[in-house]
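Chemist: Heads up: the protein sequence lines correspond to chains U and A, in order. If you read the first sequence in our numbering, its first letter stands for residue 1, the second for the next number, and so on. If you read the second sequence in our numbering, its first letter stands for residue 1, the second for the next number, and so on.
Derived by calculation from the structure, the hints in this document are not laboratory data. Where hints are given, some of them may not hold.
When chains are identical, the list treats them as one kind, so a pair holds in a single copy or across two.
[To be verified] EDC-like cross-link-like pairs, simulated, lysine to aspartate or glutamate; straight-line CA separation at most 16 Å:
#1 Lys25 - Glu187
#2 Lys54 - Glu40
#3 Lys54 - Glu44
#4 Lys18 - Asp39
#5 Lys25 - Asp123
#6 Lys192 - Asp92
#7 Lys168 - Glu139
#8 Lys18 - Asp92
#9 Lys18 - Asp38
#10 Lys25 - Asp92
#11 Lys103 - Glu44
#12 Lys54 - Asp186
#13 Lys60 - Asp75
#14 Lys18 - Glu44
#15 Lys103 - Asp76
#16 Lys25 - Glu150
#17 Lys18 - Glu43
There are 2 protein chains.
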Amino acid sequence: MANHDALPLVVLTEQFAKLPGIGMKSAARLAYHVMSMDDEEVEEFAQALLNAKKTVHYCKCCENLTDQELCPICDDPTRDTSVICVVENPKDITAFERTGEYKGLYHVLHGLISPLRGVMPDDLRIRSLLARVQAGGVEEVIMATNPTVEGDATAAYVAQLISPLGVKVTRLAFGLPVGGMLEYADEVTLYKALENRNEM
Amino acid sequence: MANHDALPLVVLTEQFAKLPGIGMKSAARLAYHVMSMDDEEVEEFAQALLNAKKTVHYCKCCENLTDQELCPICDDPTRDTSVICVVENPKDITAFERTGEYKGLYHVLHGLISPLRGVMPDDLRIRSLLARVQAGGVEEVIMATNPTVEGDATAAYVAQLISPLGVKVTRLAFGLPVGGMLEYADEVTLYKALENRNEM
């Protein structure tokens, strides 16, 4: 923004521009929009920011984000405690919950092993996962990280730690997306779909 | 967002989703991002919001946004005070300033006349514009609202109020955008370009 803008507006624009996926133009538009909001609305927005950051922390069982001691899923007595689905981010839990089909628990790693980006196994929430498995009652751990190099490597690493504990470790199936078209599928997806074919 | 998300996160997501151009999915992504920010970063963001809203108001001369009594443009003694460029939004000033060519002053209407949306002339900053013209020293008022039905109507309305004061009122030229291609220009733009043709 040029220097003829009021300084507090420039500061606010820069704050918006720090958010992922928001460039300087969008940030300026958002800052101008804030100017047109009521005082109370801006107060509410600022409070929501501070409040979320202050009260939300990791669930002491599954490392999902929660403002309670246990997240609503770990705290739900109807969930199947014998299955743990291991995901990269809390966002992934939202995706699984939308299917409405999965009734087990989750464990959030908060990242993937990536030596290039300096993320080592100790930076992830792997220890708490092992502790949960070692505490007993778990029959299956589903590795649900993304089908990327880092996702596969992290899944393999975690599986290798859990298998000796006598618990079944599985990986999500990869293949053609439902409703997808063969001709648009990339080679790797098509290869996976062929490799994992099922009898009809 | 489903109800397995922590409530403060849902509240924050809804706040982000109120901003223009941000849907529920982007809002959730931004809320999760805030969780990964440092405490101080979130404090700074919240402060920037409150501070901008609290300290930024309208320039008492041109109605642009400023945190001083006069905006930097009205306060600049090198600007040509005999020309006033009338725009819809403070954002439009940024666009003109980027050209680096305009040395006059501005006046921000903060909207356009739109009976359909219930915006009447009295809702705009027209009175303060007339007061500036009546105070004397102004030789030309450039109507720089957008070439839309509402922009044209507002320009015509304001021009009709200013003309009797003996001040020249002009309108931005409309025609082919520089670098644009004839075959892609819409009919109205092409008609304007033809109508406003200049001798070579």
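Chemist: For every hint, state whether the structure bears it out.
Modeler: The hints, checked one at a time:
1. Taking identical chains as interchangeable, the C-alpha atoms of Lys25 and Glu187 are never at most 16 Å apart, the minima being 38 Å within one chain and 29 Å between chains.
2. With identical chains, the CA atoms of Lys54 and Glu40 are at most 16 Å apart between copies only, with a shortest distance of 11 Å across copies and 20 Å within one.
3. When the C-alpha separation of Lys54 and Glu44 is checked against a cutoff of 16 Å, the pair qualifies both within a copy, at 15 Å, and between copies, at 14 Å.
4. For the identical chains of this complex, Lys18 and Asp39 are inter-copy neighbours only, at 15 Å across copies versus 23 Å inside a copy, given an alpha-carbon limit of 16 Å.
5. Taking the closest pair of Cα atoms, Lys25 and Asp123 never come within 16 Å of each other, the shortest separation being 35 Å inside a single copy and 27 Å across copies.
6. Proximity of Lys192 and Asp92 under a CA criterion of 16 Å is satisfied in neither setting, with 22 Å inside one chain copy and 53 Å between copies.
7. Taking CA atoms no more than 16 Å apart as the test, Lys168 paired with Glu139 passes inside one copy only; the shortest distance there is 6 Å, against 84 Å between copies.
8. In this assembly of identical chains, the alpha carbons of Lys18 and Asp92 never lie at most 16 Å apart, being 23 Å within a copy and 24 Å across copies at closest.
9. When the C-alpha separation of Lys18 and Asp38 is checked against a cutoff of 16 Å, the pair qualifies only between copies, where the shortest distance is 13 Å, while the shortest distance within a copy is 24 Å.
10. In this assembly of identical chains, the alpha carbons of Lys25 and Asp92 lie at most 16 Å apart only when taken from different copies (13 Å versus 30 Å within one copy).
11. Taking the shortest Cα distances, Lys103 and Glu44 never come within 16 Å of each other, neither inside one copy (35 Å) nor across copies (40 Å).
12. Proximity of Lys54 to Asp186 under the C-alpha cut-off of 16 Å is found in neither arrangement, the shortest distances being 43 Å within a copy and 53 Å between copies.
13. Taking the closest pair of Cα atoms, Lys60 and Asp75 come within 16 Å of each other only inside a single copy of the chain (11 Å); across copies the shortest separation is 57 Å, beyond that limit.
14. When the C-alpha separation of Lys18 and Glu44 is checked against a cutoff of 16 Å, the pair qualifies only between copies, where the shortest distance is 12 Å, while the shortest distance within a copy is 21 Å.
15. For the homomeric pair Lys103 and Asp76, the shortest alpha-carbon distance inside one copy (10 Å) is at most 16 Å, but the shortest distance between copies (66 Å) is not.
16. For the identical chains of this complex, Lys25 and Glu150 are neighbours neither inside a copy (33 Å) nor across copies (24 Å), given an alpha-carbon limit of 16 Å.
17. When the C-alpha separation of Lys18 and Glu43 is checked against a cutoff of 16 Å, the pair qualifies only between copies, where the shortest distance is 14 Å, while the shortest distance within a copy is 20 Å.
Going through the hint list in order, the structure does not satisfy hints 1, 5, 6, 8, 11, 12 and 16.
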